[in-house]
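Undergrad: Produce the complete structure using the sequences and hints provided.
As they're listed, the protein sequences go chains A and B.
Residue 60 in our numbering sits at position 56 of the first sequence, and the numbers go up by one each step.
Residue 87 in our numbering sits at position 42 of the second sequence, and the numbers go up by one each step.
No lab work stands behind these hints: they were computed from the structure.
Ideal Cβ placement from N, Cα and C applies to all residues, glycine included.
Keep in mind that a hint or two might mislead.
Label-pair distances were calculated between CB atoms; the ranges are [to be verified]: (1) Arg315/A - Asn107/B: 14 to 22 Å; (2) Leu105/A - Leu304/B: 24 to 32 Å; (3) Ile72/B - Trp228/A: 41 to 49 Å; (4) Gly154/B - Gly176/A: 52 to 60 Å.
Reference listing, derived: stretches of chain A covered by chain B, where coverage requires no fewer than 3 residues with Cβ under 8 Å from a Cβ of chain B [what the hints assert, rightly or not]: (5) 91 to 105; (6) 129 to 135; (7) 293 to 306.
Each chain is listed here by its residues.
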Amino acid sequence: MSVSPAVPSTRASQPQRGWYKRNEIAITPWLFLLPAMIFFAVYVIIPIGQSFWISLHEWDGLGEKTWVGTSNYERLLGWGDANIDRKFEVSFWNNLRWLVLYLLAIPAGLFIALFLNQTVTGIRFYKSMFFFPFVISQVVVGLVFSWFYLPREGLLNAILGFFGAGPINVLGDPTLATYGIIAAGLWPQTAYCMILYLTGLNAVDPEQVEAARLDGAKGHKMLWYVILPQLKPATFIAFVVTIIGALRSFDLISVMTNGGPFGSTRVLSFYMFEESLSEFGFRMGFGAAIAVVLFFIMLGFITYFLYSMYRDEKGAR
Amino acid sequence: MFPTPLAKTSRQWQISYQVLLPIMLIIWLLPLIAVANFSIKPESDFVNGNYWGMPSSFEALNNYGKVFFESNMPRYLWNSLFITIPTVIGAVALSCMAGFALGVYKFKGNLLIFFIFIAGNFVPFQILMVPVRDLTVNLNLYDTKTGLVLFHIAFQTGFCTLFMRNFIRALPFPLIEAARVEGIAEWKIFLYVVLPLMKPALAALAVLIFTFIWNDYFWAVVLTQGPDAQPVTAGITEFNSQFRAAYHLMSAGSIVAALPPVAMFFLMQKHFIAGLTLGAVK
Chain A
5 MSVSPAVPST
15 RASQPQRGWY
25 KRNEIAITPW
35 LFLLPAMIFF
45 AVYVIIPIGQ
55 SFWISLHEWD
65 GLGEKTWVGT
75 SNYERLLGWG
85 DANIDRKFEV
95 SFWNNLRWLV
105 LYLLAIPAGL
115 FIALFLNQTV
125 TGIRFYKSMF
135 FFPFVISQVV
145 VGLVFSWFYL
155 PREGLLNAIL
165 GFFGAGPINV
175 LGDPTLATYG
185 IIAAGLWPQT
195 AYCMILYLTG
205 LNAVDPEQVE
215 AARLDGAKGH
225 KMLWYVILPQ
235 LKPATFIAFV
245 VTIIGALRSF
255 DLISVMTNGG
265 PFGSTRVLSF
275 YMFEESLSEF
285 GFRMGFGAAI
295 AVVLFFIMLG
305 FITYFLYSMY
315 RDEKGAR
Chain B
46 MFPTPLAKTS
56 RQWQISYQVL
66 LPIMLIIWLL
76 PLIAVANFSI
86 KPESDFVNGN
96 YWGMPSSFEA
106 LNNYGKVFFE
116 SNMPRYLWNS
126 LFITIPTVIG
136 AVALSCMAGF
146 ALGVYKFKGN
156 LLIFFIFIAG
166 NFVPFQILMV
176 PVRDLTVNLN
186 LYDTKTGLVL
196 FHIAFQTGFC
206 TLFMRNFIRA
216 LPFPLIEAAR
226 VEGIAEWKIF
236 LYVVLPLMKP
246 ALAALAVLIF
256 TFIWNDYFWA
266 VVLTQGPDAQ
276 PVTAGITEFN
286 SQFRAAYHLM
296 SAGSIVAALP
306 PVAMFFLMQK
316 HFIAGLTLGA
326 VK
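TA: Structure below.
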């Protein structure tokens, strides 16, 4: 007589758990990540490498690529015996103008935010009306401002005329055109910075403000020593989006002047587009080289942004 | 509260503030007001040099009617819609999943992948332009809405994943642990525990991406041409060459092109601003 243990066979009541079940916690995140990673790799990560590769070639976008080594860069930057590319030089300086002047959006946004941070009837309406230029597409902003600047029909010259000045043809004057476009770009960008600061001001610790007030702090001293330190996260984001916005400037230039007059409003992003898809044949290799230069300018900022975010991320743990 | 609340300031400043507020607003919106005024004027006003005054007759119906019935504008608007909506759905879906993976699980490379998504989001478009255009041509998707949608989904996934991951991070983690103890499958936790909590983030992202994609111009001119696939931002140039120097029609056209995101913003203001100012407050 055999004595069987009074243990039910494990196999029957509890089937062997599948491989997936056993590794569920390890596998699931990758399954969830996979679609996003594939899309992002195919359309963003791999193209960055491809652009580097293409920039070492001469290519019309259709036929065979011809290896030319660094000659695209030599032509662009004036290495060796070549002279620096004139259009590149103009574009580069214009990019710097954009970067510096675009940053005005941050103090301007702060100023409007401080002005609007009150509780009176209808203030919500005012806040959204001040913000909404940001929602309009840059193409329309460009059109709106180019009509605003029109020498005869434009409102700007009507106002200048009222004060006895003008008329000026902002977009027709090579020395003024870039500034005119930057002013147009500052309009939505200031709105963006304003909304960041309004949100930041909302979260300012009222007890600290009261305490500082009891200590006799007010006006700009209060702003500088008590309020601004608390607005640091908002300032950081405003800085990031403004820098990125300045270096991405393309729509406004394309719509308002198309690079002119006499190429005076080109920036790198516009010059790259112009060279790659120009009417006189596609020069994709040369265009890619411009894009690589722009990428490296941007990379400096990207590294700084990522480093700041990484520090916060470590701090949060 | 800073600056000092109005109620605690002098009577004088209270009154001047109430007066300043509308004046500042009018100055701020002046270029736009001028264009709106353009768009309701009759053509004769431009001939007679009445550029900035009151319209001599109210021609809004006429001008906007021309935009809708005598140009390609409606086609461009449809194109924009059929590019924007699939992109919103695609990018939000992909980034929900990716954000869930990055926000909930601890695994090797988590932070690295997260930072690649953020970094990719900052790169200049131009470095992607030539290869992406080439890829789209090779896939036979040049000058199609699909080609544009696929790229937009991929690119927006960077920003959306950043957004979603940080949002999921802020959710109460014990909730997920409790579900695990109950033996619920991981994908069901995503679907039935996490997703319902993400509604505000979904709404915020959806309106933001809608605006970003609707307003895109660069990729529209790189990947499409002509009224079959071009969205309204690119189509407006064709519209403007059709009505060259007819400012009353061109301004009506621009207002129509700009309107959908503006309407979206005013309808979903709370979500829109919540999305845009994510991270502005610690």
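Undergrad: Run every hint past the structure and note whether it holds.
TA: Going down the list of hints, with the structure as the test:
1. Arg315/A - Asn107/B: 14 to 22 Å: Given about 59 Å between the Cβ atoms, the range is violated.
2. Leu105/A - Leu304/B: 24 to 32 Å: holds (30 Å)
3. Ile72/B - Trp228/A: 41 to 49 Å: violated (27 Å)
4. Gly154/B - Gly176/A: 52 to 60 Å: holds (54 Å)
5. 91 to 105: This one is violated; 0 residues, fewer than the three required, reach chain B with a Cβ under 8 Å.
6. 129 to 135: holds (count 5)
7. 293 to 306: holds (count 8)
In terms of the numbered hints stated before, the structure departs from hints 1, 3, 5, listed from lowest to highest.
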